Structures are given as structure tokens and as C-alpha cells.
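Protein chains: 2
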Amino acid sequence: MTSVKGFRDFYPEEKRTLNYIFDIWKSVAQKYGYQEIDIPILEPVEIYNKSGEEIPEQIYSFIDKGKRALALRPETTPSVARMVKQKSSLKKPIKWYSISQCYRYERVQKGRSREFFQFNLDYLGTKSMESDAEVITTLIKILTSLKLTENDFCIKISNRKLINDLFRNLKILCVKDIARLLDKRSRISDKELKTELVNLDLSSRQVKGVLDFLNFKELKQIKIESEGLDELKELFDILKRYKLTKFLKLDLSIMRGFDYYTGTVFEAFDKKGDLRSIAGGGRYDNLAGMPGVGYGFGDTVLNIFLEEKKLLPELNSETDIFIIPIKNLDKCIPIAEELRKSNIKVNLDLLKRSISKNLDYANKEKIPYVLIIGEDELKKNKVKLKNMFSGEEKLTSVKNVIKEIQNGT
Amino acid sequence: MTSVKGFRDFYPEEKRTLNYIFDIWKSVAQKYGYQEIDIPILEPVEIYNKSGEEIPEQIYSFIDKGKRALALRPETTPSVARMVKQKSSLKKPIKWYSISQCYRYERVQKGRSREFFQFNLDYLGTKSMESDAEVITTLIKILTSLKLTENDFCIKISNRKLINDLFRNLKILCVKDIARLLDKRSRISDKELKTELVNLDLSSRQVKGVLDFLNFKELKQIKIESEGLDELKELFDILKRYKLTKFLKLDLSIMRGFDYYTGTVFEAFDKKGDLRSIAGGGRYDNLAGMPGVGYGFGDTVLNIFLEEKKLLPELNSETDIFIIPIKNLDKCIPIAEELRKSNIKVNLDLLKRSISKNLDYANKEKIPYVLIIGEDELKKNKVKLKNMFSGEEKLTSVKNVIKEIQNGT
Chain A
1336 MTSVKGFRDF YPEEKRTLNY IFDIWKSVAQ KYGYQEIDIP ILEPVEIYNK SGEEIPEQIY
1396 SFIDKGKRAL ALRPETTPSV ARMVKQKSSL KKPIKWYSIS QCYRYERVQK GRSREFFQFN
1456 LDYLGTKSME SDAEVITTLI KILTSLKLTE NDFCIKISNR KLINDLFRNL KILCVKDIAR
1516 LLDKRSRISD KELKTELVNL DLSSRQVKGV LDFLNFKELK QIKIESEGLD ELKELFDILK
1576 RYKLTKFLKL DLSIMRGFDY YTGTVFEAFD KKGDLRSIAG GGRYDNLAGM PGVGYGFGDT
1636 VLNIFLEEKK LLPELNSETD IFIIPIKNLD KCIPIAEELR KSNIKVNLDL LKRSISKNLD
1696 YANKEKIPYV LIIGEDELKK NKVKLKNMFS GEEKLTSVKN VIKEIQNGT
Chain B
1336 MTSVKGFRDF YPEEKRTLNY IFDIWKSVAQ KYGYQEIDIP ILEPVEIYNK SGEEIPEQIY
1396 SFIDKGKRAL ALRPETTPSV ARMVKQKSSL KKPIKWYSIS QCYRYERVQK GRSREFFQFN
1456 LDYLGTKSME SDAEVITTLI KILTSLKLTE NDFCIKISNR KLINDLFRNL KILCVKDIAR
1516 LLDKRSRISD KELKTELVNL DLSSRQVKGV LDFLNFKELK QIKIESEGLD ELKELFDILK
1576 RYKLTKFLKL DLSIMRGFDY YTGTVFEAFD KKGDLRSIAG GGRYDNLAGM PGVGYGFGDT
1636 VLNIFLEEKK LLPELNSETD IFIIPIKNLD KCIPIAEELR KSNIKVNLDL LKRSISKNLD
1696 YANKEKIPYV LIIGEDELKK NKVKLKNMFS GEEKLTSVKN VIKEIQNGT
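Residue numbers (the working numbering), protein chains in the order written: chain A, 1336 to 1744; chain B, 1336 to 1744.
Chain A on its own, in the form it takes in the complex (with noise of 0.2 Å):
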């Protein structure tokens, strides 16, 4: 009996790497005063309307004993959308964010299984630039936490408002298919999209227009009159504040696959561009019944990511010592007790075996400390500590031995 194609078992060493990226994605959250929330794994299969042409096709959607059509969640802001406007007596602004497992039924590949866990962060109550400002702040901040700098990722920035200002400056109609060209843009050639354009049967002069916007690297490049532009002047400007101008990049083929961005767009990309997106959000001022803006972050691509840069940590056991009794489980027993009480973490040899096969076991779970009780010492209120790194033995006091933890923990 083996698992589900495209759903992962996290054994102890897979949870212990997760949780390294859970720890931090939650710090950050909270360094910058967001509360953490949860959303339902099912949700009514019609929330997800706005969510673009990809994630509806892609639902785990189900009728129910009920006869409702209900969804696996695909993703979280219809669900934080609905949560706030579910509760008239949140104060504003709320600041939330949550990290639930999220279901799409898709091909399974490098950096895409059925399920991921998605990290969502949101601002909601205001259509102020600081917000949006603040939001991209914390992307940031994650990414560097985890030890990437501006030479492995970049911010890339557009705004919604001003690609469609853009397109009716060009007397462009077919926004939507054009949007969803740009959306896959990293993987066609320059070529490509000119073909592709053409074939929407834009004139050469629109086709000439779209690549050029597609091509800005700076604002001042951009000519017309558009809210969407101010937007993303106040929005460099605030960032500049941040200290955070190195990280972005203005790029205009943002897209996001989602009807319900109304302003700024925003995705984290690795900058040698292997990569799919690592983390992508936006402004979404008509979902949730007031102002709001956010993004989701998953771990898988994030994974490959840190994988590659050489940035996962080799993450010890949660325990801190293993006890081994030398015929004594019996008087181990309080000690290990003791020690607990202490908050250390012990894992006490329950299965009597021999000293060579604990201290293996002991190595393979990379437990860092053991501590060895025989009798002879014992009577002299001595037990014998070991450190599995240094691999250093010493005859101490079960006192001593709690000091050592704690100071080295």
C-alpha cells in the first residue's frame, strides 16, 4: 500500500526542513504584526470563480453527502475574502496570515505536486500604497531570512490599472488573451510572442507597442497619464524607505492569472529564471468587500530553490539527549523525568540493549547529546555525558548535565 501519486509522507527529517521554513515564514509575519488565522480545507466550489482560467480547472472538487459542490481549497484568499466579509465587527486594518496545505489536481513534476503548502499574508481596509508597500516588505524580509540576497531573486513589480490603461492607449481588446500570453512569457521567445500576437490580429504598430512596454526598466519610461503608474511611483518611492530598492524590478508582463488583482501585481522569481514564480500576490480591492492586498508563497518551488542555492539547513533531532540504562531502566526512569521537568527533550531507552546499539541509534537520529547510566557511577551520583559531535565523554552530576543542555540549546 503505498500513498496517493502526488501527495507527500513528511517523515521526521522532511517535517524537521519544513518546519525550519514554517518557523520563519511565521516570524516574519509577526515581526511585521500579522495574526495568524485558518481557513477551512473545504470550501463551496463557487469562491473560486475569480480565480482565473488554471486553478478552476485544476480544483479537487467533490459532491458531498450533502449534494453541495465542495472544493479542496486551491487556494486562500477566496477564503480570507470570504472570512472578512463574513464578520462585520473585525476592526481594520486586519492583518492576517496563514499557512494551510493547498490541492490542485495537476501533472505531477519537479516542483509540483498535488498538494503544497501555501504561506498567506494579507493587509485589508485600506487602498493606501503603504500597505502594499509593507506586504512586499515582508516577501523580502522572508527571502532574506532565508539567507537569499538580491543576488539569487528579484521583486518583479507591474500594476493592473496601468497595463490596462496601456492596452487601451494601443486601442487593444482582447486584454484577457494577451494577459494570459504574457502569463507564460518566461517560457516563449521573444519570437514566439510576436507570432502569437499577430495572431490575435494585432497591427504591427500594436504588436510594436506591446513589446516596447513589455521592455521598460523604468518608469520614467512610461509616457501616458495612468492612476496605475502613480500607484507604482509611491509604491518605489515608499520601498526606497524600506531600503528595499535593490530587490525590485519594474516588469510589466506581471500578470497573475487571477481575475480578482485590480492594482499592483507582484511576483519573487529566482533571478537566473530556471524557476517557476516562488511567490506572487497583488491588489484585490473588489473581493473581500473592502480594500486588500496579498500573496501566497509555497514551499515546493522555494524548496528546489533553497536546494540549489545549498541553503537547507542540516537539521539536528528535536531531541536533546538519549538516555541509555545499563540494567537500570528502573532508576532511569526519575532521572529522565527530572531532566524533563528541566523542559529538556529526552528520549529514554526503553528496549534494553547494548550501549554500541544505542549509540548508534543515537547517531543515526543525530540526537546531540547521550548520557550513559550505569550503576557503579551511579551509587556515586555520577552519570556519564557524552557529545555526539565532538564526541567528548565526561563523568558529571545530573545537575551539571542540565546546566550543559540548557546553556548549549
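None of these hints come from the bench; they were simulated from the model.
The structure presented is a predicted model; accordingly, all values stated were derived computationally and were not measured.
No copy labels: a pair is met if it fits in one copy or bridges any two.
Computed list of lysine-lysine pairs in DSBU-like fashion (alpha-carbon distance at most 35 Å, straight line):
(1) Lys-1568 with Lys-1666
(2) Lys-1462 with Lys-1729
(3) Lys-1491 with Lys-1427
(4) Lys-1519 with Lys-1578
(5) Lys-1578 with Lys-1350
(6) Lys-1568 with Lys-1715
(7) Lys-1666 with Lys-1552
(8) Lys-1426 with Lys-1361
Once you've looked at the hints, dock chain B against the given chain A.
Just chain B now, kept in the frame of chain A:
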């Protein structure tokens, strides 16, 4: 648009309560040397074949696009067993814990939603009663860490082998029918039980025999030869060494509705007896390719119990401090960033609201400190710190703010 019936939204306050419980689950498991794992949300339906009668009826199952019968996990143990069987390189003993949301389609009522969080803890790799004892110890330690005492709860313990021997001794064959009857024992009177036993064609001698052993309070009342009895004696002896006898109660009516249990079975109950069991588990030696013992512990009954006992603490915001800029947001951003660098959790007002509106917000959000940053004070390198619980206000430096909060938390 509302949430799906029986599926909970967790707003920040509810999520904090949930995290309070999660943290205690985790910290006790870690103190006893258990490692965290995570199991898939979808599993092949077949792995729940041994989960008794009730669970298979309540499974959320569906056929996926690959035409496979899948289930939303209704419990944890079968997944743990599958993961253990699947990976031959695991070193014994295997000591794992997990917190997974589980799903059962049942009537929505008090203490039963259609999802619940289940803490699961397992010790695999030995038949030794030492492991049953350690596993039960962790359960008791969790309950006492939640500030519950022996006046509030007890652990009822039985043994499947002993039950089978008692039935065999009474020449009773319809063991399963009686087990099902006993499983609802707390909800029926002795008289009703008697009637039902007679209906199962038991002789009056057999009925008396069953009622007798259900009323056994001490092991010495049991007069038959049984490996299960020996195991129970050993288990109670070991738990004496952990000084936990006061929490234990022999109760041979404890059956657990799962077919995979083979020895020790136990459940945690409130002493008033109003609630369903708080947690339950047992030994399963034929499920995972190696012997094992463990239990599951849901959040819903526990929540009701803690609420009744007024043991759910009032929890503050995750945020340490709320900064109110007075027309100088620009200058407050670097100050907020400085605090965050010192690991302080800062919410900075971006909405440019009045002081009184902002104080009202900080109060409602239960943020312990407020920092008011005005131009005049800032010129003297001062800021105004307000303790929201004591009401105390003082002019001080940013450095001192950092110190005060770091010492206070």
C-alpha cells in the same frame, strides 16, 4: 457566501486558543523524545478497513480524476502504519507525533464538527509494556500541562487480550456485538445493558459474568489466567514509577471501536462523565509490520472541557507593540524596522488615523504596548511608550523601549 457546514473558520482569537493547545501537545511530545511527522490528507480508502464500523461510514470519500477511490483522512494511525511499512531504513524505536486535521461526515452537534485537529503519538518497534507506559505518561502530562488535575480527568485502561480471555472463559462467541454494546456503555444504564445482553442470547450466568467483569475496579478481582492480565499488571507497575497511579482506573468496558487494537486500550475521560472521551488509543501489533502503541487526541472535546473548567487562558495579540505616527510615517518606518531587528513584533499604523482611533484599535486587538511618535519628542530623541494593561505612560528612548519589551516578554 458562508463556510461549509461543520467546517470551522479560525479567526485570530480562535487560532491563538488552538495554538495554545498545539504548543502543549508539541512540547510534551518533544520532551519525551518524539519527532514530528506529517501525513497526507488524501489516502487510498482501503487503509481504513480496520478502523472499526463507525469511521468507514463517516469517511469523506470520492473518486479522483484518475478514477481512484480516495479518502480525506478520518484518523492518523493507518497513515502512520503505512509510512512505517513503506520505509525499511527506519531505525527502531520509531517515536513519532503529528497534528493533522481529520475529517468525518457526521451530524454536526456540540463537540462534533466535521473536521477536528488530531494530535497523534506513537511508539513503534517493541511489545514491551515500557512503551505503553511512556505513551500513556505523555497523555497524562499533556492534560496536566493544560492545568487539569486528577479531580478533573482519569485514564481508563483495559486490555483486548484479557477481554477476549474473559469472553472465552464465559463461552461467549458474539464478542463483536458485545464490544459494540460496551462502546456506548456510558450512554446506557446497567438495566438497559442487561436487557441488550439477554437479547444477544446470553444465558443468565453469562450476563452475570459480563456485568461482573465490567465492575472490576482492581486487577486482583480478576481470577483467570491471561497474558492480557499479566500485561495490565506490568503496565500499572511501571506507571507507578512515573508516579501516575492516581490518574489511572481499571475499566474493562473500554473497548475502542477499532479492529486493529491487540492489547492495551485506554481512554481519557472527564470525571463528571458528561463528555465523550477526550483521547484514546492502544496497542496495535499487526498493523504496521512491527508492534506499536499510540493514541489520538482531538481538539474539539478538549476545548469544551477546558472551557467548562475555565482553563482556556485569555491570550493577547501575537503583536508586542503598536506604533502610532503623528504625521510622520516616513520617520516611523526606520524605527519600526529597528525594533523588528531586535525580534520585537511591531504593528505600525499606515492608515494615518487619529491617536484615539488608534488606541481603540490597539485595545481591541489586545496589543500590550503602544508607541506614540510625535515630531517634538522625536527632536529630543524621545518617544512615548504606553503600557495598555497598566495605562502607564512614559517618555523614553527607542533603545529603552526595546529593553523593556524584551524583558517583559
